[in-house]
Structures are given as C-alpha cells and as structure tokens.
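S.K.: Given next are the chains, with one letter for each unit.
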Amino acid sequence: MIRLENVCKNFGDLQVLKNVNLEVKEGEKLVIIGPSGSGKSTTVRCMNFLEEPTSGHVYIDGHELTSKNKTKLVRESISMVFQQFNLYPHMTVLKNLTIAPMKLHHKSKKEAEELAYHYLDVVGLRDKAHVYPTMLSGGQQQRIAIARALCTQTKIILFDEPTSALDPETIKEVLDVMVKLAKENITMVVVTHEMGFARQVADRVVFMADGQILEEGTPDHFFTNPENERVKQFLGKIIRS
Amino acid sequence: MSGIFSMRAWEKVWLYRGTFLLGLWNTVRTAVFAILLALALGIIFGLLATSGKKPLQLISRVYVEVIQNTPILLQTCFLYYALAFSGHSIGIITTGILALGVYTGAYMAEVVRAGIEAIPKGQFEAAQSQGFNYLEKMYYIILPQSIKIILPPMVNQVVNLIKNTSCLYIIGGADLISLTYSFVTGVNTGGAYAPAYLVSGFLFFIICFPLSKIASTWELALKRREQRVEFTRTRNGGSEVTANE
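In order, the protein sequences belong to chains G and B. If you count the first sequence from 1, position 134 lands on 134 in the numbering used here, and the numbers rise without skipping. If you count the second sequence from 1, position 157 lands on 157 in the numbering used here, and the numbers rise without skipping.
Mixed in with the good hints, there may be bad ones.
Selected chain G positions facing chain B (Cβ under 10 Å, derived; list incomplete) [claimed, not checked]: (1) 103; (2) 107; (3) 185; (4) 186.
Derived lysine-lysine pairs resembling BS3-like cross-links, with alpha carbons at most 27 Å apart [claimed, not checked]: (5) 110(G) x 172(G); (6) 54(B) x 68(G); (7) 18(G) x 148(B); (8) 70(G) x 148(B); (9) 121(B) x 72(G); (10) 12(B) x 103(G); (11) 68(G) x 107(G); (12) 155(G) x 54(B); (13) 121(B) x 103(G); (14) 137(B) x 68(G); (15) 110(G) x 148(B).
In case anyone wonders, no lab produced these hints; they're calculated from the structure. As the structure is a prediction and not an experimental result, all values here were calculated from the model. The C-beta atom is built at its ideal place from N, Cα and C for all residues, glycine as well.
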C-alpha cells in the first residue's frame, strides 16, 4: 500500500531521515514511536509529500509519488490528521467535511452532506454540524478532523501525533474514535506517544531514533522483550507503571 | 475681490459647477479602471511572492521595489512622454489608468502577500493533504481567510489611488484637482480659491469617506461571523437530522 525506499530527508545541513525503508500493507495499523526529533513526523509527511524526500522513492499502491502527480495521487488515496487539527476556521463543521468531497471528488451537496452526517455519527458529534471550529474544544476539533479525513473515503489515513496537543482528559475521546476506526479496513499510520493505543490496535510497531528505524515488530514483541538497547531505554522512561 | 469667502466667489463656483462635475467624472472613471488594474496586479504579484518559487518571487520583488521606490509623478511622466515621443500617444485618461494601476498594484501586492503569509502553515498543509491543487487551495481555503486581513489596508490603497488621480495634472489631465486648479487660476474664472478648493475637497471626501466606512463595517461583520454559532441554521440542521434518519 505504502512503500518507502531508501528515503533520505535533509533540512539544510541537518539529516532528518537516513535511508528509511518501510512498507505498510493494505489495512495494516502501523504505529511509529520514538523520541522527539527522531524523524517520525517527517516519515509520515513524506508519505503524502508534505515533505518531498531529498532522495529515495515513495510508492502508493504501486505508483511512485512525484511532485508532478502528488496532488492527484494524494487526493485519491491519502488523508491526514494533524497534531494541531488544522480545521478550516472560516467554515462550519459541515462545510469543513463537505468541501473536499464536493470540490475535489465531485459529489453532490446532498451526497456530501449525507456522508458528513454519517461520519459525524461515527465521531459522535452530529449536533455540532453547524458550529464553527473555534467554538469546539480541542478534543472535539480533533474528532471533527478525523471525520474530515474519513469523508474523502481514502484507503490510507496518516495520523501525525493526533493527541499531543490535547489535555489528558480529552485524549481518551480521540483515542476511542481511533480504536473504533482501527476495526475498519483502513490503512492507518499513526505517530504517537500513546503506548496504550499502540499496544491495543497496532499490527506492527516501528521504533525510530536519529532518523533511522531501529526496530520493528508486533506490539507483543515490543512491549515484552525489545532487543535494541535504545528501545529498552525509551520504553523504560515512557511507560508509567 | 472682496475676501476669499465672498458671496461672489461662491456664485462663481456655482456658475462653473459643470467644471467640477466634469473633473469628478474624470477622476472617478480613471480611478475605477485603475482600481481594477491594481487589484489584478496585486493579486497576481501577491501570489507570485508567496508561491515559494524563487524566480517568481524575484519578479514580484523587482516590480514592488522599483514601483515603490520611485515617485508616481515620475512614473506618470515617463509613461506619457516616453510613449508620446515614440509615437504612441495613448491619451491622458489611459495613461492615468495605467500609471495609477501599476503604482497602486505594487502596494496591493504587498497587502496580498502579507495577508497570505498571516495564515498559519497548517492551513496550507491541511488543504494540500486533502489534494487541493495550488489554485483550489488559494481560492477555497487561504484567500477567504486572508480577506479580513487584506481588506482594511486594501481600501486604504483604493482611497490613496483616488486621491492620487491628482498626478494627472502633470500631464495636463482633466481630473478634479487639475480642473480645480485651472478654474482658480483661469483668466475669466480666477480668484475664487477657497470656495473652489473646499468644493473640490468635499467631492473627494464624499467618495473616499464612505469607502473607508464600508470597509470597516464589512471587516467587523466578517470577524463576527466566525465567532458565532449559527443558531438558525442549527435549528434547520436539527430538522435535517431527523429527515436523514
């Protein structure tokens, strides 16, 4: 579904990704963990070309992603949920959900709104359809952002630290929605610090540090007997007893 | 002459009111077309400046800097006389439209650039991640948010442009200021300085003041709209909800 081949990314002199190779299968739930600045976010941002790799290749469904075809390919196959939600503040929630289906996927207003109400039900916020995003709490905004991603009905959804900007009380409402999604056949790539979530829904966990993938495996393998010293250290610090 | 505010001076202005109205008409029609040109240039060069592509940004930068750092009088004269001497006389009004449009366009471009740059990066990324191409992203997502920021300084530029029609004087224009000046210095009409300039100023004011007023009202309305829950639509939405179920 997604394949990264020898992906390198430099920001000026700083080498953020060093030869990352990664494959995500259709319907797989992949969780990427690791310390800050390890290149997790850059890795998922390379998957929809928000960052274009300095070298290496990205394939979506067998097609190589290029700066020429990225708009079309991303439109058809990938959505993203951001740390800062990034809802469109000048539109109501309903408009936020229907703009891309209507303008990019050529759905009628009626179809787009039916779709929107359906996914508002999924995230449990149907009553907020006509509200502007600024009226919502962070957790609600993120659930709307997830609904917005679902409305384009792409096979892949990327989550870039979706709960990192939320207060502890609202993290759960967003995670609950994500757990619910994980039961569908959507390919999910999730960058997160939520180890409980990783354990519960991940098919595979990838650990990154210093722009490289240090270890990957099932959650069981990861959380019971990781091999790499760096991983052990990290998990030791992050998992609260 | 018995004093500059004498009844006779006012009578003279009233007698020649046609001159002022003609000047006003010339100023207004020059300004309207120049505003359209300035808006078009402002949007194009503002978009170039924020395109992230170095050569395009350079083109926009050169335009803005050259125009903003030379006097508009010089630009007007250059356009008029350079063209006249090369045998392409395009008329005073057309010269005025081009000169004022190009001049104000440089300021508009900066206003548009600032308006776009004020929108958080996340908005651009969200639009891109949904697969909006550049123009769709600008049209649906970015520019509607920039308008609030762009509007007040843009109206200032429009008001400046209207006042700058006075530059046509230097190429023998028939705008409001030029005609006022020929009126007060004319052999037959001369002398009524104060009333003439008051009338002329009043005419400028009744055009420019409402413009500024409309813009500030509009800006407020736009700002409020986002803060507000749309109660009526929520109610309608409620009935839609049951209809869908």
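S.K.: Work down the list of hints and note, for each, if the structure agrees.
M.R.: Verification of the hints:
Using the Cβ-Cβ criterion of 10 Å, the hint placing residue 103(G) at the interface with chain B is satisfied: the shortest such distance is roughly 6 Å. This hint is violated: residue 107(G) has a C-beta 13 Å from the nearest C-beta of chain B, more than the 10 Å allowed. Residue-level restraint check for residue 185(G) is violated (minimum Cβ-Cβ distance to chain B is 21 Å; threshold 10 Å). About 16 Å separates the beta-carbon of residue 186(G) from the nearest beta-carbon of chain B, more than 10 Å, and the hint is not met.
Distance check on the hinted pair: residue 110(G) and residue 172(G) sit about 32 Å apart at the alpha-carbon level, beyond 27 Å; violated. Among the hinted pairs, residue 54(B) with residue 68(G) is consistent with the structure: their alpha-carbon atoms are about 18 Å apart, no more than 27 Å. Between residue 18(G) and residue 148(B), the direct Cα distance comes to roughly 43 Å. Violation of the 27 Å bound is thereby established for this hinted pair. Distance check on the hinted pair: residue 70(G) and residue 148(B) sit about 31 Å apart at the alpha-carbon level, beyond 27 Å; violated.
Between residue 121(B) and residue 72(G) the alpha-carbon distance is near 21 Å, which keeps this suggested pair within the 27 Å criterion. Of the supplied pair hints, the one linking residue 12(B) and residue 103(G) is violated, its CA atoms being roughly 62 Å apart against a limit of 27 Å. Our distance criterion of 27 Å between C-alpha atoms is met by residue 68(G) and residue 107(G), whose separation comes to about 25 Å. Proximity of residue 155(G) to residue 54(B) is assessed by CA-CA distance (about 35 Å); at most 27 Å being required, the pair is judged violated.
Distance restraint check for residue 121(B) and residue 103(G): the Cα-Cα separation of roughly 22 Å lies within the 27 Å cut-off, and the hinted pair is therefore satisfied. Among the hinted pairs, residue 137(B) with residue 68(G) is consistent with the structure: their alpha-carbon atoms are about 16 Å apart, no more than 27 Å. For the hint pairing residue 110(G) with residue 148(B), the CA-to-CA distance comes to about 30 Å; that exceeds 27 Å, so the pair is violated.
Violation of the numbered hints given earlier is confined to hints 2, 3, 4, 5, 7, 8, 10, 12, 15; the remaining hints are satisfied by the structure.
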